[in-house]
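So you can see what is in the structure, the chains are spelled out below.
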Amino acid sequence: MSNSSALALPVARREQAASHYRAMGVPHRRVEEWKYSDLARALGEEGFSDGTACWHIGPLPAGVEIFDLAEPNAPEWVRKHLGSLKESVMSAASLAYAQGGVALHVTKVAAGPLALEFSGAGHVRALIVMDAGASLTLQENLAGCDRRNIGVEIVLGEKAQLHHVRIAPVAAGAVQVEEVAMTLAAGAGYHSHYASFGAKLSRLELDIALEGEGAEANLSGVSVLGEDNHADITTRISHAVGLTHSTQLFKKVAGGNSRAIYQGKVSVEKGANGSDSRQTAKALLLSRQAEADLKPELEIFADDVKCAHGAAVGDLDADSLFYLRARGIPETDARALLIHAFLEDAMTGIANADLREQVRGAVNDALGRVSA
Amino acid sequence: MLEIKNLHVTVGGKEILKGLNLSIAAGQVHAIMGPNGSGKSTLSYILAGRAGYEITEGSITYNGEDLGAMPPEQRAAKGVFLAMQYPVEIPGVTTMMFLKSALNAQRRGRGEKELDAIGVLKTVRAKAATLNVSEDMLKRALNVGFSGGEKKRLEILQMSLFEPKLAILDETDSGLDIDALRLVAEGVNALRDPSRAMLVITHYQRLLDYIVPDRIHVLAKGRIVAEGGKELALELEAKGYDQIVKDAA
Amino acid sequence: MSSAAADTKNTVAAIGEKYKYGFVTDIEMEKAPKGLSEDTVRFVSAKKGEPQWMLDWRLGAFRRWGEMKEPNWARVHYPKIDYQNAYYYAAPKNTPLKQSLDEVDPKLLETYKKLGIPLNEQMALAGVAVDAVFDSVSVATTFKDKLNEVGVIFCPISEAIRDYPDLVKQYLGTVVPVTDNFFATLNAAVFTDGTFVYVPKGVRCPMELSTYFRINASETGQFERTLIIADEGSYVSYLEGCTAPKRDENQLHAAVVELVALEGAEIKYSTVQNWYPGDENGLGGIYNFVTKRGDCRGDRSKISWTQVETGSAITWKYPSCILRGDGSVGEFYSIAIANHYQQADTGTKMIHLGKNTRSRIISKGISAGKAQNTYRGQVSVYGKAEDARNFTQCDSLLIGGDCGAHTVPYIESRNPTARIEHEATTSKIADDQLFYCLQRGLGQEEAVALIVNGFCKEVLQQLPMEFAVEAQKLVGISLEGSVG
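Protein chains in written order, with my numbering: chain B, 1 to 372; chain R, 1001 to 1249; chain H, 2001 to 2484.
Calculated from the structure, these hints are not laboratory results.
Do not take every clue at face value.
[Unchecked claim] Restraint ranges, calculated between C-beta atoms of paired labels, are given here: (1) R:E1054 x B:P75: 26 to 32 angstroms; (2) B:G274 x R:A1051: 55 to 61 angstroms; (3) H:T2425 x B:G173: 40 to 46 angstroms; (4) R:E1135 x H:W2073: 49 to 55 angstroms; (5) H:V2469 x R:E1135: 37 to 43 angstroms.
No residue lacks a Cβ here, since even glycine has one placed at the ideal position from N, Cα and C.
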């Protein structure tokens, strides 16, 4: 890859993004969407560095094309989609300042998991375009302890299926933002799991537009946090047309001085009848200094819909704990067992068995560290 | 009392009843039998006036009036009662409250004086006892968490409370075990009356062992294809619908 | 001229001499001059015959208000309010306080009768004492004797400022600080009247206290201020009900209600809000920006809010509880109905500060026509709130495909022993439910009212008997024309 030139984007578009970002500024806690994650404060005076963060990709399976966004002469599918989706403040920043990134074009059912890793500091972009009927399992690893802002766009054609598993190991002191915008055509599916273990501030924002009938988004995630870790998952799902489905299941365990955040907004647009949405977020606090903030939001403009959300914060169920101890299991073991059980149902949705085991392993390591 | 002539009904643009003729006199109990998809439920809904069921041809005359032109609540006030196959749950509305509201709405519709809460309570309690509808059921939200048998017993209780002139029982036997079926049938039989007509819609012959009809009509593909006395039910049971429909063709 | 009017005139004259801002307004006029300035504040204060400390308090609020911005985070849209184009004080004709009902304008009594308000001997049978507020000034107060016997103070707040200054000074603005928010600060500057209740230690208030608010004068903002103090171990149930005659102008209303429950005390505050919602085209209607907050200041105290919000073009209202005392309890039961072009943004805040604090939120939102209905709620558990518990159930019902139902809960916990549970659902009136009711003889609107009342049952049953019946009727009336 090369980092010499600018992003494969018309200059005017970059400037537009830059002025969007300048107008809004670095988000802080008085910006409603960033109420629980004060990015300006976490970054301090320094802000993001000007450089471009790095990306590395594993061997490409058949049916996947790649384009380095730092290269000139972008193919038509890059020119068409790069910078075309809904733009948040921080994705405007990556669009304006990233000098490189990666674009993937999936044309058919691709064999499995493709590994993509981001590392280093600065802004970086990614674009994933999937043709009708294509499918891919993508494993995204977030490495290093840097200040990084990733901007991602995902375009799923009819019936395209993307399984996306992100693993973000603990990165104390890092500030890591990833802003994802995507659009799904009829029958397309986005199946995402996000295993996060915290940073000085980490935030994944998923902005998903279900724009074709039968499109679905299934999001799950686990967070295990300790020390001063901060992990924020923010989702927005728009049911733009009827007969679209979304499910969300996020489980968080917070120890030390950590802070676990979930903000999720589900919108059902006018006339999007037959939409179905479930949203669940639960947090378990393990220490007196930990904090959990949940904001599950519904915005409904159609009457023939099924929408529900549930949220809960608490400690382990006292009855279950007693039951286990009464059967001879020592308290620490019983607690560990119940914490695992609490997180488990948010991991069972990971379709790929290897990735599921990898997430489980990471969760176990983190629990060992956090609850010790 | 009820005179259906050449009735054609469409649902969502699809024709379900295709020229049905049926006539029931006061005091009679008629049964409509037919295979799945023959139009049995459509017949019950068009008689009760459910939205989405459209008469494209023919007529329904009830005591000399055009039934098809009336809104459902007016039909109810005029004595048309449909005991539904799947009685609907309404959370938060107690059964007793619902019975009182409906009874008085019908009385208002007929220009009769409304009953006070105590009057309704007394009447309901007396009737509830014979149908094994418990005080507890009356206090619970309408049909919410009721078993299949409880729901059907409550339908019959309503029938006995509202004293309709034309009672339509849509698959009243579905989901009932033999004891529940007997209890419901006894309730229905107790309401047989020279001034009242009943239309019993059922897939199976077994209900007709308990509610013995004066006449049986076989409905297939939107038309009455065979008619006869109560013995027709046994013939159906023996031969099956396919054969009867074929014989009739 | 009656003596009260003469007193007021003298007071105004005195103030006029004292300040260079003195005004030349005729004291007999029933309205303050249009617009909002320090003079308006002085006028209101003088009209009320207030002491200097109260005027200073108001002026302080007015100065802060000038530096504040109108909030815009709620999901409500309305044309910009011109605060200089409204009247801030209006008194009904024949202002002076009446000593008995016989002295009250018969037309007024006729209006009350139409609205079904028992303002005569029947009240004794109903056990309701009514402090009726008609256009900012109390015109009749009853049952004072009975309350006096047990030491309960129940009077217009203007009277309390005069007669019980120490109590007012001690508590006013301690739950909703003067600068709490734009509308509360405005209220602090220009509030015209409202109710004051003090229930002494260990007293169980012998009757439900009830105040009926009316808005009647065109283009008059209503700025009611209510302060209720339940001293240790006492209990009081307060009922607030509102209806307004139909009119076209949008009218601003910014009330403040403060509740203080000391150790072991309980306050139950119920509201039926049925102000003019605007017509079916969204023309007119009341803008209702209300700040209501209760402070469970003592251990084992309890504050319970129940509201049925069916009126107003815009509702902006979040009755909240600060659960400061250990073992204190906060409750919020709400029905919000928005039809036609109404916009409701309502909910609550439960702030758990003390140990073993409990809160319960049951919210039922109904949207019909082209209305927007938002539940906005916050449950916060602070670090010291050991074993705090919250349960929230938040249900929305949509009638028709042109309305909106929105849920915005904030759930924040900083204590590992606390437990917070939140559930929300969205549904519609099912066609089969409607048909079932019609088949059994209920009319369309009756069926809708029945089903919606069922949906709201958990909240309706929290209301005192006298209100429950009225509220059930209101639910039906509010949704007329929404189906079919």
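Outcome of the hint check:
At roughly 55 angstroms, the beta carbons of R:E1054 and B:P75 sit outside the given window of 26 to 32 angstroms. Distance hint check: the CB atoms of B:G274 and R:A1051 are about 19 angstroms apart, inconsistent with the given range 55 to 61 angstroms. The hinted window of 40 to 46 angstroms between H:T2425 and B:G173 holds, with their beta carbons roughly 42 angstroms apart. Judged by the Cβ atoms, the range 49 to 55 angstroms given for R:E1135 and H:W2073 holds: they are separated by roughly 50 angstroms.
For H:V2469 and R:E1135, the hinted distance range of 37 to 43 angstroms is not satisfied, since their beta carbons lie about 24 angstroms from each other.
The structure shown violates the earlier hints numbered 1, 2, 5.
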